[in-house]
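Colleague: Listed below are the residues making up each chain.
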Amino acid sequence: MHVMEGFLPLQWAVFWWVVALPCLGYGVYQLKKVLEADREALPLLGVVGGFIFILSSLKLPSVTGSCSHPTGTGLSAVCFGPWITSVVCAIVLLFQSLFLAHGGLSTLGANLVSMGIVGPLIGWGIYRLLRNTKVNMYLTVFLAVALADIFTYVTTSLELALAYPAEVGGFVSSLVLFLGIFALTQVPLAVIEGIILTLVFKYIVALKPDILVRLNVFPEEKIRAAQSEA
Amino acid sequence: MMLRKYRLEIISVIAVIGFCALFLSTSSLMAGAEFAGSDTVGSSQIAEMTGKAEEDYQPLISQWVPPSGDIESALFALQAAIGGLIVGWVFGYWKGQKKNG
Chain U
0 MHVMEGFLPL
10 QWAVFWWVVA
20 LPCLGYGVYQ
30 LKKVLEADRE
40 ALPLLGVVGG
50 FIFILSSLKL
60 PSVTGSCSHP
70 TGTGLSAVCF
80 GPWITSVVCA
90 IVLLFQSLFL
100 AHGGLSTLGA
110 NLVSMGIVGP
120 LIGWGIYRLL
130 RNTKVNMYLT
140 VFLAVALADI
150 FTYVTTSLEL
160 ALAYPAEVGG
170 FVSSLVLFLG
180 IFALTQVPLA
190 VIEGIILTLV
200 FKYIVALKPD
210 ILVRLNVFPE
220 EKIRAAQSEA
Chain R
0 MMLRKYRLEI
10 ISVIAVIGFC
20 ALFLSTSSLM
30 AGAEFAGSDT
40 VGSSQIAEMT
50 GKAEEDYQPL
60 ISQWVPPSGD
70 IESALFALQA
80 AIGGLIVGWV
90 FGYWKGQKKN
100 G
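Those protein sequences? They're chains U and R, same order as listed.
Start counting the first sequence at 0; every next residue gets the next number (numbering that gives the first Met the number 0).
Start counting the second sequence at 0; every next residue gets the next number (numbering that gives the first Met the number 0).
It is worth saying that the hints were derived from the structure and are not from the lab.
Only a predicted model underlies this, so the values are computations on that prediction, with no experimental measurement involved.
Just so you know, even glycine gets a beta-carbon here, dropped at the ideal spot from N, CA and C.
Be a bit skeptical, because a hint or two may be false.
Said to hold, decoys possible - From the structure, some residues in chain U lie toward chain R, with a derived Cβ separation under 10 angstroms:
id, residue
1, Leu41
2, Cys66
3, His101
4, Gly124
5, Asn131
6, Ser173
7, Pro187
8, Ile195
9, Ile210
10, Asn215
Stated by the list, open to error - Computed far set for chain U versus chain R, every beta-carbon distance over 12 angstroms:
id, residue
11, Val18
12, Leu44
13, Lys58
14, Ala100
15, Lys133
16, Ile180
17, Val199
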């Protein structure tokens, strides 16, 4: 999902930075508020953020014969919402652009929008839709994680298609091309990421259900029911 | 009862095995599969579309590039290790809290 340094024209690089910065700012504000309200939220942030570090460092092979990163952002979006997730992503993406040349400083805005904002926002949206329904809690987490992953790559494709519309067919045909590269590769990775992070969520429920209740991640009955089952 | 309790674990194991099988079949059946990063494939696509060579895309902000793939791998491993340390530490902390709680 990294748009490599130099591969976005200046005006687009600036545009995505302008989109990303207010979201990031709001994320920092929210983060401060959450941690002031409850210091015990910090370890949970450590776990969900830690998994963003781990998963986004793995380049996994896919059926298309290319490799790609999972994002790990969905679980954080479920627990803390998309804005705080964007702050954690900013740290990871900065690390990757400074030390790994995966994405650069000029394209950091665009990468932040895809991995830190749109992906988590879609995952969080699905989670909000299903949170109070009868849908199984773990299935909800799985869907949020898998969709956050896929839509990160859909966004990258959009960003590149906007910057490089094809000569014939323009934006749309260019989008199809980039979706073929990014989103298609991502499907099996998103599924496996969804399953793994759901398992992680199960262990959080087993070990520290109180924090999930206090942060109101799921209705208390759902968490208690899942806990007694585990 | 056991099956129900460990349902998620079982699904995860099956998924991981399926994922490996999928990789093995792709890599053996697909001739010329290079397993390059999709970032790289995307950049080549841009170069192809614009007719401007990939090397001609100069960084807008100059950046340090790992001198070799091995060093890159080491730094990726470092990133994963940082995440793993935090995750392990917190799970241990919670486990201790639960025991003493």
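Colleague: If a hint holds in the structure, say so; if it doesn't, say that too.
Modeller: Status of each hint after checking the structure:
1. Leu41: This interface hint holds because 9 angstroms falls under the 10 angstroms limit.
2. Cys66: holds, 5 angstroms
3. His101: Cβ of His101/U sits 7 angstroms from chain R, so the hint holds.
4. Gly124: violated, 24 angstroms
5. Asn131: violated, 22 angstroms
6. Ser173: Holds: closest Cβ of chain R sits about 7 angstroms from Ser173/U, inside 10 angstroms.
7. Pro187: holds, 6 angstroms
8. Ile195: holds, 6 angstroms
9. Ile210: Holds: closest Cβ of chain R sits about 9 angstroms from Ile210/U, inside 10 angstroms.
10. Asn215: violated, 19 angstroms
11. Val18: holds, 17 angstroms
12. Leu44: Nearest chain R Cβ is 9 angstroms from Leu44/U, so the label is violated.
13. Lys58: The claim is violated: Lys58/U sits with its nearest Cβ about 6 angstroms from chain R, within 12 angstroms.
14. Ala100: Violated: least Cβ distance 4 angstroms, not greater than 12 angstroms.
15. Lys133: holds, 18 angstroms
16. Ile180: violated, 5 angstroms
17. Val199: The claim is violated: Val199/U sits with its nearest Cβ about 8 angstroms from chain R, within 12 angstroms.
The structure fails to meet hints 4, 5, 10, 12, 13, 14, 16, 17 from the earlier list, while all remaining hints are met.
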